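Dock chain one against chain two, each of which comes alone in its own frame, and use the hints as you go.
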Amino acid sequence: MNNSLALATSGLCFSYGKSATIQDISVELQTGRFYGIIGPNGCGKTTFLDLLTGNKKPSSGTIDLFKAPLASYNKRDLAQHLALVPQEYDTGFGFSVEEVVLMGRHPYIPRFSSPSPNDWQRVNEAMRAIGISGMRDRYTSTLSGGQKQRTVVARALAQDTPLLLFDEATSSLDIKYTLQIFNLVKDLVKNQQRTVIAVMHNLNLAAAYCDEILIMDKGKIVSSGATAQTLTTEIIADVFGVESTIVWDSYNQAQQICFRYRQTEK
Amino acid sequence: MPSTVDKKNILLTCGLVALLVCTVVMSTGMGYMQIHWQDILRVIGSHVFHSPDLSISIEPSIHYVVLDVRLPRILTAVLVGAGLALSGVIYQGILLNPLADPYTLGISSGAAFGASFALLANLSLLGQFSTPLFAFIGAIATLFIVIRLSTFNGVISAQTLILSGVIVGAILSAGISFMKYLADEQVAIIIFWLMGSFGSSTWSGVLLLCATVAFGLLITLYFSRDLNIMSLGNRSSDSLGVETAKIRIILLLSASFVTAICVALTGIIGFIGLIVPHLMRYIVGPDNRKLIPASALAGAILLLIADTTTRAVLPIEVPIGVLTALIGGPFFCIIFRQKQKGRAYE
Chain A
1 MNNSLALATS GLCFSYGKSA TIQDISVELQ TGRFYGIIGP NGCGKTTFLD
51 LLTGNKKPSS GTIDLFKAPL ASYNKRDLAQ HLALVPQEYD TGFGFSVEEV
101 VLMGRHPYIP RFSSPSPNDW QRVNEAMRAI GISGMRDRYT STLSGGQKQR
151 TVVARALAQD TPLLLFDEAT SSLDIKYTLQ IFNLVKDLVK NQQRTVIAVM
201 HNLNLAAAYC DEILIMDKGK IVSSGATAQT LTTEIIADVF GVESTIVWDS
251 YNQAQQICFR YRQTEK
Chain B
1 MPSTVDKKNI LLTCGLVALL VCTVVMSTGM GYMQIHWQDI LRVIGSHVFH
51 SPDLSISIEP SIHYVVLDVR LPRILTAVLV GAGLALSGVI YQGILLNPLA
101 DPYTLGISSG AAFGASFALL ANLSLLGQFS TPLFAFIGAI ATLFIVIRLS
151 TFNGVISAQT LILSGVIVGA ILSAGISFMK YLADEQVAII IFWLMGSFGS
201 STWSGVLLLC ATVAFGLLIT LYFSRDLNIM SLGNRSSDSL GVETAKIRII
251 LLLSASFVTA ICVALTGIIG FIGLIVPHLM RYIVGPDNRK LIPASALAGA
301 ILLLIADTTT RAVLPIEVPI GVLTALIGGP FFCIIFRQKQ KGRAYE
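Chains as they are written, first to last, in our numbering: chain A, 1 to 266; chain B, 1 to 346.
Keep in mind that the hints were calculated from the coordinates and are not lab data.
Don't take each hint at face value.
Unchecked claim - Simulated coverage check for chain B against chain A, where a stretch passes if three residues somewhere in it have a Cβ under 8 Å from a Cβ of chain A:
#	region
1	219-229
2	239-253
3	280-292
What the hints assert, rightly or not - Each computed DSS-like pair below joins lysine-lysine, with the alpha-carbon atoms no more than 27 Å apart:
#	chain 1	residue 1	chain 2	residue 2
4	A	Lys148	A	Lys56
5	B	Lys246	A	Lys75
6	A	Lys57	B	Lys246
To be verified - Not close to chain B: a few residues of chain A, all C-beta gaps over 12 Å, as computed:
#	residue
7	Leu5
8	Ser10
9	Pro40
10	Asp64
11	Lys67
12	Arg128
13	Gln192
14	Ser224
15	Ala228
16	Ile235
17	Asn252
18	Ile257
Since we're looking at a predicted model, the values are computed, not measured.
Here a beta-carbon is modelled for each residue, glycine too, at the ideal position from N, C-alpha and C.
Chain B with its partners taken away, still in its complex shape (with noise of 0.2 Å):
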């Protein structure tokens, strides 16, 4: 049977990549100083062959512009989007609630609070790695908090989860406005990075993001035929051979990791990971074997346009958490209305 689709699957995938690489190349050339995108692709060409002849004619301060100002930010754009989604398939696939995703359950919030808890207590045990780690811990104990408050008899409530997200969502964040209070200078620079930047994105950033969303790509893939089956529900997805709740926890783990890391880097950008699984659910249809892949490159295209026009579009730049929070809250509306409604998925 599946040939046709399966056909049609490596297309879509192959029209997405090239999507990306084209919206990589032009956001890399809209800005301040307009640059062409053959000389993006000479510059960056002679950067990874190691051929200065390449870009010979470019001018330095281009070369400047492309490798340290915007493609830095461009590709943390990208992993981020992909990380989101990616985790946002995870958290509805395992969670089956179509309104769950990072920012929805409170986790990005977690996540935020160990970070800014990290900052401002000027805690440096691990370097610069000791912001993530804090990351990581918060979205594990939220994750932990939200999950026990919505479970009754060993059933995990659909209903109740995305309030109990809202609840310690809100608890959090209260928690982290206390923290701003009492961080005098400080201050500004974490309101900026809460509400989401990329505006200093790092290499070595680049490095840790594409480390982590390889890793949650990989194993999230690796058990997607079980996230298939688990959809089913406990008892049928044990009676079919899965390991219904080692694999959940591996996954559910591996989805806070991913995103403890965007927030640390980016700070909390929201509903990516609710909006891209379900626009790509409507294309690629729930088999996670290719929602996942379509899902990840989605999100990064998404927010990479996203970001680029609130850089070089708009008159004045919204913070990017700002922008997908406007977007996406009244996208969030129309799920509602239609989850309410039972027919979701149709």
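Looking at chain A on its own, in the form it has when it is part of the complex (with noise of 0.2 Å):
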């Protein structure tokens, strides 16, 4: 069916100071696939993001996005290829919902333009995917952590990217929305051929939406491939030294990874 790359990474390697943060990563990710990264905290997955988003430069190795070299993106042209929900965000100085997910648009608009009869709606197209236009005109200073997330995952929709990267998106949410936001992504990649990267804390969560997984450990990729075949309880007690068992759950039609709360030797 569909086999063209979106994103190749060849012997990626960055080090912060001393200590190499990320090494020796190659991957390809094709279009139209949902992938989740996941590994143990400071093992590298934000650092990884940073690279594929040009955020920080690589100290070696290749990163081609759609078949070019990601260097010969300008910034605007990236980000009409690539959107980011980041873990960490401000939300400025108290400006609305709205104009936070207008921003989504800038790559599109012409400095000194207004935003064209497209540009708007495309941010209320994505205002009412998330389900936040009742609250558009609120200032995001006086939103809950969730609905702050929820603007910041709307303004990634409203800049309309074949990729999307997804640091820890739905870490304040309740599962609700949770569940809202991944539905919403997995639709956007099974109809529109969109790409997701995802990357994830909660192991069930991947293991219910992503086709592929990618686990990270101390900077490397230690395992990667559909889902099922990867997502192990060898692999589990190696990554996060914690002790699991994996269940069929019928109910999802998913694994459903089951934590004993004991650490394990590891």
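Below, the structure is given as structure tokens:
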């Protein structure tokens, strides 16, 4: 079916000070797939995303985005291909929800121009999809953590890019909104051939939504492939140092990981 | 959506311009010698349009007072007010800190240190431009040191930023005091200049300020939408197509340049860059495309009113820097309290 490359890295390395935080990552990610990156805290997941967005420059190795070198994109071009929902964000000096979502259209609006009707349509669609149309005039400084996060997701949707990066995008959302956002993203992947790379901490969510999983540990990708084959009790014990057992959840038609709350020797 | 908002904004800008013009004319009339506003307009008109007939019935001394004494001082106050408010908007926007302004960041002290050094060492490499040049060098060096001091792991800490500014400012003030101690005869000029003074304003100073503020205003307006997006933080603004690192440097250098020229010509005038962007943010909102022109105009009006108050209303002439600090200091405390309560921008 589709086998066009969305993103490929080869021998990607990055070091911060003396210690290497990303070591020799080579991956090929196809369009129209939902990729999950999992791994323990501090294993370099956010740094990996920083390299993909051009926020940090690799010390060696190459990144190709839609078959062109990342460096060949200027910032605006890049922002039309790749959107990021960061883990930490400011909401600025009290902009309204609508204004923040409209900032997602920045790469499309020429300097000194006003947003076009198409820009407004994208903004309205994104807000409706996330269900925040009702609070479009609220100031972001008055929002709860979850509301802010949904605003940022809506902004990334308004950016209308073929590749979407999520860095722990649902960490402050309750279960309803978490599922809402993942369902929405899954739809974009399925119906619009978009590509999603999501850093996730909740392994069961990863198991339920991701087509493929990349497991990171100490700056390397230690295992990757189709979710069912990659998420195993062995690798979970190896990487996270916790015991678990994996069962088939027929309700969700997905793997379900049950953890045992006892530290294993590592 | 925003057509009504834009109309409101245009109205506000026109209102501020009209208010500024009225304030300029009224201030020119005030002072030891009261001058009627019609006479002022006729003197200015006759000069601008080269038609002496307009002011034929007006005494030559009024010509002199209006054109050579009051207007240079008034226009200096207007331009410095605009420049400092503009710098304040930039510092607050880029450093994401509502307490940032040229004064609290120590930039003004840095510029003053550089300028004092040039004055005392009698440096005149570039003639009259050597004081502004050294002020600029001092401002940039201070900006660099303050940001370096408050950066941990590549992130500027908002809490330590102002603290660093205050510390570096204190060290520089001590340095200036030491220079004053060494200065002997020139000490009186320096003391008065440091407290902020418009008394010795000249037309060449007005021209330099005019060019500087216009340059600052154009650069900031050019990048105003990027500045809006930069308030979302590095990662977000980068991923939205903003050249964050480059624009941050351009804007910080521009703000420091504008500050340095203002300080070199009129000494340290604190808190204008802090108060004005705040007030305007309450009125026009956080959008820099509206905030920048509104702040520049309001800064001009506010500083002119302050200067006219000390020049023509108060029984003794309080140095303008002292007056703005007396009014601005308590304001700083209020913002600080609100920031602590986390609701400075509700």
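What hints, given by number in increasing order, does this structure fail? Hints that this structure does not satisfy do not exist here, as all of them hold.
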